[in-house]
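Residue numbers (my numbering), protein chains in the order written: chain A, 1 to 77; chain B, 1 to 148.
Hints in this document: simulated from the structure, not taken from any laboratory.
Computed footprint of chain A on chain B, listed as stretches where at least three residues anywhere in the stretch have a Cβ under 8 Å from a Cβ of chain A:
{"id": "1", "segment": "7 to 17"}
{"id": "2", "segment": "115 to 126"}
With a cut-off of at most 30 Å between alpha-carbon atoms, the simulated DSSO-like pairs for lysine-lysine come out as follows:
{"id": "3", "chain 1": "A", "residue 1": "Lys4", "chain 2": "B", "residue 2": "Lys10"}
{"id": "4", "chain 1": "A", "residue 1": "Lys8", "chain 2": "A", "residue 2": "Lys33"}
{"id": "5", "chain 1": "A", "residue 1": "Lys8", "chain 2": "A", "residue 2": "Lys53"}
{"id": "6", "chain 1": "A", "residue 1": "Lys33", "chain 2": "B", "residue 2": "Lys10"}
{"id": "7", "chain 1": "A", "residue 1": "Lys53", "chain 2": "B", "residue 2": "Lys10"}
{"id": "8", "chain 1": "B", "residue 1": "Lys22", "chain 2": "A", "residue 2": "Lys33"}
{"id": "9", "chain 1": "A", "residue 1": "Lys33", "chain 2": "A", "residue 2": "Lys52"}
{"id": "10", "chain 1": "A", "residue 1": "Lys8", "chain 2": "B", "residue 2": "Lys10"}
{"id": "11", "chain 1": "B", "residue 1": "Lys22", "chain 2": "B", "residue 2": "Lys10"}
{"id": "12", "chain 1": "A", "residue 1": "Lys52", "chain 2": "B", "residue 2": "Lys10"}
{"id": "13", "chain 1": "A", "residue 1": "Lys53", "chain 2": "A", "residue 2": "Lys33"}
{"id": "14", "chain 1": "A", "residue 1": "Lys4", "chain 2": "A", "residue 2": "Lys52"}
{"id": "15", "chain 1": "A", "residue 1": "Lys53", "chain 2": "A", "residue 2": "Lys4"}
Derived list of chain B stretches under chain A, where covered just means 3 residues or more per stretch with a C-beta under 8 Å from a C-beta of chain A:
{"id": "16", "segment": "25 to 38"}
{"id": "17", "segment": "136 to 148"}
No residue lacks a Cβ here, since even glycine has one placed at the ideal position from N, Cα and C.
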Amino acid sequence: MTRKVRVKVGTDGAVEADFVGFSGSDCLEEAEKLAENLARFGLLVDPTSVRKKTQAELEAETETTQEERDPVPAQRK
Amino acid sequence: MSVMSRYRTKIRLSPTREVDGKVDPTWQLMREAVEATAQELGGRVADRVLDAYNKSVVCDFAVITPGFPRGVGVRVDSAGAVTFIYDHYDQSGRGYRRTAADISEGIIQNYTALAVAKALAEMNYSVEVDEAREGPTGARAVVVRGSL
Numbered sequence: 001m002t003r004k005v006r007v008k009v010g011t012d013g014a015v016e017a018d019f020v021g022f023s024g025s026d027c028l029e030e031a032e033k034l035a036e037n038l039a040r041f042g043l044l045v046d047p048t049s050v051r052k053k054t055q056a057e058l059e060a061e062t063e064t065t066q067e068e069r070d071p072v073p074a075q076r077k
Numbered sequence: 001m002s003v004m005s006r007y008r009t010k011i012r013l014s015p016t017r018e019v020d021g022k023v024d025p026t027w028q029l030m031r032e033a034v035e036a037t038a039q040e041l042g043g044r045v046a047d048r049v050l051d052a053y054n055k056s057v058v059c060d061f062a063v064i065t066p067g068f069p070r071g072v073g074v075r076v077d078s079a080g081a082v083t084f085i086y087d088h089y090d091q092s093g094r095g096y097r098r099t100a101a102d103i104s105e106g107i108i109q110n111y112t113a114l115a116v117a118k119a120l121a122e123m124n125y126s127v128e129v130d131e132a133r134e135g136p137t138g139a140r141a142v143v144v145r146g147s148l
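Using the sequences provided together with the hints, build the complete structure.
Here you go:
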């Protein structure tokens, strides 16, 4: 599964990060790596909330990934 | 495990603009953020702003726009902390507080988005940047997407 990170930046500079396609604690490690890299670019981040995704959100991700994997519908004869 | 996380951010530039004759990446990023904000608002980049009495105040970067010709300045102190300077006083009592705040928020948002895009690119992600409008006010959000 492709690993994706979606980061939304608000007008006050607050960010919301969504890690898709990571297993186990990989996404937390990736988030830490991203925070370290951001500090090198002069952006210090302070987590205000971290939550596990709901089952509905996870299912929506899986559906999206399936569509991306097979973008052309099979032709019927 | 997949998680959604929210972060507060703070911009902290390198205390020195140049190292060994090369512009520090954080200062380069601030220049890019200031230029992007000026372009979005139909303005230009300068190195000083004016107060309500037309007195010039020198700063590290400034954005001058048609809506706020006095400009909003960016000052970086010896520790790299960023301060926005502007004079929002208006004799008519209307004031320019909101206009000036829009410019400084634009700089913060653009800096943050550029930093995220560059950090993800360094982690070998393919990066795309989009804009979105949110909520009843249609506030601007910048969305940075990275895929591995």
